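**Q** The residues making up each chain are set out below.
There are 6 protein chains.
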Amino acid sequence: MEAVVVKVSGGLVHPPRLEYLTRLRNVLWGLGEAGYSVAVVVGGGGLARSYIDVLRRAGVGEALLDEMGIESSRLNASLISKLLYPRSFPYPLASLREVIEAHMSGLIPVSGGFQPGQSTNAVAAVVAEALGASMLLNCLNGVEGVYSDEPSRPGARLLRRLTYSQLESIIERVSSQEAGSYTLWDKVALGVARRSGLRIAFFDCRDPANIWRALKGEIGSIVEGG
Amino acid sequence: MEAVVVKVSGGLVHPPRLEYLTRLRNVLWGLGEAGYSVAVVVGGGGLARSYIDVLRRAGVGEALLDEMGIESSRLNASLISKLLYPRSFPYPLASLREVIEAHMSGLIPVSGGFQPGQSTNAVAAVVAEALGASMLLNCLNGVEGVYSDEPSRPGARLLRRLTYSQLESIIERVSSQEAGSYTLWDKVALGVARRSGLRIAFFDCRDPANIWRALKGEIGSIVEGG
Amino acid sequence: MEAVVVKVSGGLVHPPRLEYLTRLRNVLWGLGEAGYSVAVVVGGGGLARSYIDVLRRAGVGEALLDEMGIESSRLNASLISKLLYPRSFPYPLASLREVIEAHMSGLIPVSGGFQPGQSTNAVAAVVAEALGASMLLNCLNGVEGVYSDEPSRPGARLLRRLTYSQLESIIERVSSQEAGSYTLWDKVALGVARRSGLRIAFFDCRDPANIWRALKGEIGSIVEGG
Amino acid sequence: MEAVVVKVSGGLVHPPRLEYLTRLRNVLWGLGEAGYSVAVVVGGGGLARSYIDVLRRAGVGEALLDEMGIESSRLNASLISKLLYPRSFPYPLASLREVIEAHMSGLIPVSGGFQPGQSTNAVAAVVAEALGASMLLNCLNGVEGVYSDEPSRPGARLLRRLTYSQLESIIERVSSQEAGSYTLWDKVALGVARRSGLRIAFFDCRDPANIWRALKGEIGSIVEGG
Amino acid sequence: MEAVVVKVSGGLVHPPRLEYLTRLRNVLWGLGEAGYSVAVVVGGGGLARSYIDVLRRAGVGEALLDEMGIESSRLNASLISKLLYPRSFPYPLASLREVIEAHMSGLIPVSGGFQPGQSTNAVAAVVAEALGASMLLNCLNGVEGVYSDEPSRPGARLLRRLTYSQLESIIERVSSQEAGSYTLWDKVALGVARRSGLRIAFFDCRDPANIWRALKGEIGSIVEGG
Amino acid sequence: MEAVVVKVSGGLVHPPRLEYLTRLRNVLWGLGEAGYSVAVVVGGGGLARSYIDVLRRAGVGEALLDEMGIESSRLNASLISKLLYPRSFPYPLASLREVIEAHMSGLIPVSGGFQPGQSTNAVAAVVAEALGASMLLNCLNGVEGVYSDEPSRPGARLLRRLTYSQLESIIERVSSQEAGSYTLWDKVALGVARRSGLRIAFFDCRDPANIWRALKGEIGSIVEGG
Ligand SMILES: Nc1ncnc2c1ncn2[C@@H]1O[C@H](COP(=O)(O)OP(=O)(O)OP(=O)(O)O)[C@@H](O)[C@H]1O
Ligand SMILES: Nc1ncnc2c1ncn2[C@@H]1O[C@H](COP(=O)(O)OP(=O)(O)OP(=O)(O)O)[C@@H](O)[C@H]1O
Ligand SMILES: Nc1ncnc2c1ncn2[C@@H]1O[C@H](COP(=O)(O)OP(=O)(O)OP(=O)(O)O)[C@@H](O)[C@H]1O
Ligand SMILES: Nc1ncnc2c1ncn2[C@@H]1O[C@H](COP(=O)(O)OP(=O)(O)OP(=O)(O)O)[C@@H](O)[C@H]1O
Ligand SMILES: Nc1ncnc2c1ncn2[C@@H]1O[C@H](COP(=O)(O)OP(=O)(O)OP(=O)(O)O)[C@@H](O)[C@H]1O
Ligand SMILES: [Co+2]
Ligand SMILES: [Co+2]
Ligand SMILES: [Co+2]
Ligand SMILES: [Co+2]
Ligand SMILES: [Co+2]
Ligand SMILES: [Co+2]
Ligand SMILES: [Mg+2]
Ligand SMILES: [Mg+2]
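Here the protein sequences come in this chain order: A, B, C, D, E and F.
Numbered according to the UniProt record's numbering, the first sequence spans residues 1 to 226.
Numbered according to the UniProt record's numbering, the second sequence spans residues 1 to 226.
Numbered according to the UniProt record's numbering, the third sequence spans residues 1 to 226.
Numbered according to the UniProt record's numbering, the fourth sequence spans residues 1 to 226.
Numbered according to the UniProt record's numbering, the fifth sequence spans residues 1 to 226.
Numbered according to the UniProt record's numbering, the sixth sequence spans residues 1 to 226.
Just so you know, these hints were derived from the structure itself, not from any lab.
Treat the hints with caution; some may be incorrect.
Said to hold, decoys possible - Computed beta-carbon distance windows for the label pairs:
#1 C:166 / B:158: 32 to 40 Å
#2 A:35 / E:206: 37 to 45 Å
#3 B:157 / C:20: 42 to 50 Å
These numbers were taken from a predicted model, which means no experiment stands behind them.
No residue lacks a Cβ here, since even glycine has one placed at the ideal position from N, Cα and C.
Between the sequences and the hints, there should be enough to build the whole structure, so can you do that?
**A** Quick look at the structure:
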């Protein structure tokens, strides 16, 4: 059974919108009906950022801010897990071990972050690797895919196909390692993708039907090879 | 050592505001310095309500909505626990057992909800009972105390002292048992308070210094006896 | 698959009787064979009461007495779980999360209480709600159903059909909230039943075959509506 | 700080008697006040035996019967843990790891059994070994110490001092390995005692003050050496 | 479905050899394909011994040395669990409860030791008992079966069939109860086997195909009866 | 109280050597006596590599290989935790949460890896950040510090002081992201160090007294700033 991992940006889940979420459910359940074995990883998005920002300014250290972000992503994951019940266990999963267990039971594992020092993108990559997924579908919130630079910058243009090295040089230019900062993808996640040759799609998921289009390679960016 | 339990309304925590939270920290740490053994229970507030509402309209059952509310209150509790670190363990506690363990180590236990069918008010009452607290301080978000009716209703007036039975008849008139609905207090919490003779203060906590005033009985409503 | 929840009074389990328990097993396995998805919640009964009474008189507080009651109900649940093995996991389950997990695996979840401040009746109601059960079967120990008053009182008579409100006014007259006290049903459980429209049967279960009769509405009391 | 382990026979705890238990509490707290670091292990006694017997006759296998016995001993341990609160954590501990953790926090660890295939006597021996206890005090229910044979047999006489080998040959003659059977001590426990040179006292504990007497060697049997 | 338990000597796993382990995997998967429900218990072997020896000489007590041995056996079990994935959950299991859970899901449970005072042989016996296994296959590292004495001693000869009592008198002559010491089998394990009438095969497993031969009784020693 | 984190190379622990380990214990206990609050993170070293290599060649995926490495590092951590008992809890800790809990109890937390995709170096950095450590002491096995290139290469020379960026460009040239590969340090760990401004010492620890020398900056390499 072909496995795919869907990473859902936190911004698509919080604040929660009924109409969007029921459409997302239809697509994710639909993937299962079409024979895919699905796993979902959810980001912390704005919810994480608001809690992290206040704590940082109150003097709390970065490792605990990471924990705050993980717990926020887990709340978003909880929402999705209950939405997908009974095809998902209705609670967010907290480790690779639990994700594998749910996958082996034929359910859709839904998780947020796992441990400090690691983004939800890295979690998605590790999950994809563990399940032998053919593709990691990165659902973005209003971004069409990977741009040559921070999308809002003049001159930034969408790249339809990239190698791991090309993605690496982009994220080196753009990224920051503070807990909760805006990033498309990060180096741990990239390292995991590279060592196992994962194919990663990045695409705008404000329309959940785009998940199908991205799976077929019709939209967004594909990263693989090199 | 005299124990007090502080129930913090979710609305005071989410969305998080730096200035408010650092003042709240000062008061809670100050209670400890003044010789009180403090425990904190945090509500889910608007964060819980937004996640619950969407899931309810998506057809998810009430028991899972309760779980969603519990997980939301736990995220708020996590924020407070990290704020109070290192006088609190920097993670939210998930059962009475964990709360007792932290209390026995001389830390400030911080928790949200425990199990479906039970509000964070009931959790606060059970915690107060378990720690033998002299008072349960109910920090409200913009409500001065217990009113004779839903505060927004014409004719509702603030009651400075009430018996358990008077509180009971008020909540019977006003309450609803749907997950995440607005309630001042509920029957489980009331039953626990009554069986152990807990003294409960209700007061507006938009100024955290009010916690001290409520402790001295200067403001808000006090429920006990009868 | 139609789900039913069977709440077994602790008095039916402790002290344990071989002949009774094997007949109970036959009925519970039989429900599964007839196509029902069953969940079982077991009360603490006299075992709980004897441990609670001694601790209360030794000065232990009510919240810990609730915990003692929960642990006792869990021992009774353990007995039933092992009796029902391998159609049940042979250990008592300790949270709604574990109950849902077992149910999703096609097993009969067996649990006792979950958290202080909540009776095993409330647990049964929450479980029924979580599994979308069509009926909550309340197996009593020597009581025919809901009476208009404490059954031993002169003039108390059996009610065959009641609304939630009627049940509420009866339990208001009869109940007490002390840990381990004798009660037919309680307000938390009632609130949960009402918010989800659960149908509850109360009946004497000294003959386990009565479970079938109650399911068909032939004996005992049915509470629903209003 | 000198550590001692007190193994309390299940028969002394179930059915629970107020007067006995408060006296036992006084002695155990008193040991702490006298400078001993105490750990308690509680047996399953008659409670365990009644649940095990019914399940065995219902066809349940020996490993699960052991689990039933462990859970029963844990209920008895729970009673003692709540009785000793706040000098004990008010919950029974389920592994050596938890026992060591409580001991390191300066609390009295209270546990029942740990795992199938191992009696609560073996648990007491392992705990004594882990805490470097100077003595393992075996509180019996109406038996004065180690007899040369099953005490009810004619000719059986009390032995005041024995070697491990003498104890071994007695238990070889008397013991059975069925879950829940009546035994003074067993070979695993003996092996543990021997490898670490633990001193074990056996004495009648129907008067809790005997714990002090046994500690001084005034009553009962002492096993050590050889 | 007929269940068999395979106890794998730690010496067969550590240091790990690719060729051996892939052949072992083929046999274990093959048993499943042939209709057996398999469970695996792995010993600690030389890995355990090296860690235990150093700690003992550094003055660490026997109970913690047992824990060290358990953790070592669990590392060996982890290797086997990952090797057998996805027919095994890819993590070592830490209690009978987890083993039963995996077995009930149709997977091959793989575990090491459980608790101090108990060898991995005893774990294998308890697991065999819990799963109602028809046979416990004891895979030895370079020993043909049970000898009349320590195999290296002159005059020691292989016994093809033995009773429990014969095995008992052999291990009494040979065994030691120190953590990590070399023993063929121990008394707890023997007691468990006897109470449930388990059939135990002992055989040299340097060729994994011997598992099949032992199952048919063609090689090694069989212990049962008496 | 000043906190320091000591990362111990797996190669220093496995195979275990009595004389080395008792000297290491003296130094680590000595740090505590000198007023430092110590935390220890232990690597997997050759033990991890041997188990990983065999599994990789048997076709097991990288995420599970990471888990194998984590479990191996945890076994090494277990050895150290037992060695340091009772100043350490005698079990390896498995998450940042557990590490913080032990640190708050005044004990020396000892852990191995936490989650796949993250090395024990990254764990050490996260722990240092969480405890507000003034220094991360990286105990290497036979390497004097950070070299300008893979130490065995001709022309590689020891660097006494480096910035984060200099370290980054060195590890970019040398590193590989395969589970269990030989690396001095990695990018996640570096990112964590940089965001919190951690000072990292690298030095040869074949003589444990070097820990004191490195703390004073007398030997090895120091990374900080830039
Ligand atoms: N080169 C780039 N191409 C595309 N997006 C980029 C690039 N550089 C930075 N970004 C930023 O990465 C983010 C990707 O959006 P995404 O929906 O994952 O949001 P997010 O806030 O990171 O969500 P989550 O926290 O849930 O992962 C956007 O904020 C986008 O501006
Ligand atoms: N008689 C009454 N007196 C006072 N408040 C009442 C009364 N009846 C209803 N309420 C409502 O109870 C709520 C009490 O406020 P509170 O700050 O606890 O908010 P909350 O949203 O319930 O928070 P949380 O979910 O965190 O507990 C208010 O919404 C108030 O209008
Ligand atoms: N109006 C009433 N109708 C029926 N039973 C009532 C009523 N009022 C009180 N009761 C009491 O409720 C109890 C119901 O019996 P049940 O078998 O549930 O016993 P229990 O001891 O509460 O068991 P458990 O603790 O396991 O729930 C009886 O003791 C009965 O006398
Ligand atoms: N040689 C012996 N000397 C003393 N007691 C013996 C001997 N042989 C058998 N026994 C039995 O061992 C038991 C010791 O009593 P104890 O109070 O430990 O009861 P128990 O039921 O085993 O309790 P628990 O299950 O809690 O350990 C008694 O039943 C006693 O008859
Ligand atoms: N530029 C460099 N400077 C120093 N060491 C380097 C460098 N590049 C690679 N290395 C390698 O990094 C390793 C550092 O040694 P260390 O003692 O941490 O061993 P390890 O096997 O990584 O241990 P563990 O798995 O426990 O972390 C050595 O194998 C060394 O050859
Ligand atoms: Co798969
Ligand atoms: Co207190
Ligand atoms: Co269902
Ligand atoms: Co000690
Ligand atoms: Co089976
Ligand atoms: Co600190
Ligand atoms: Mg409220
Ligand atoms: Mg009842």
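**Q** Which earlier hints turn out false for this structure, listed by number in ascending order?
**A** The structure conflicts with hint 3 only, although it agrees with all the remaining ones.
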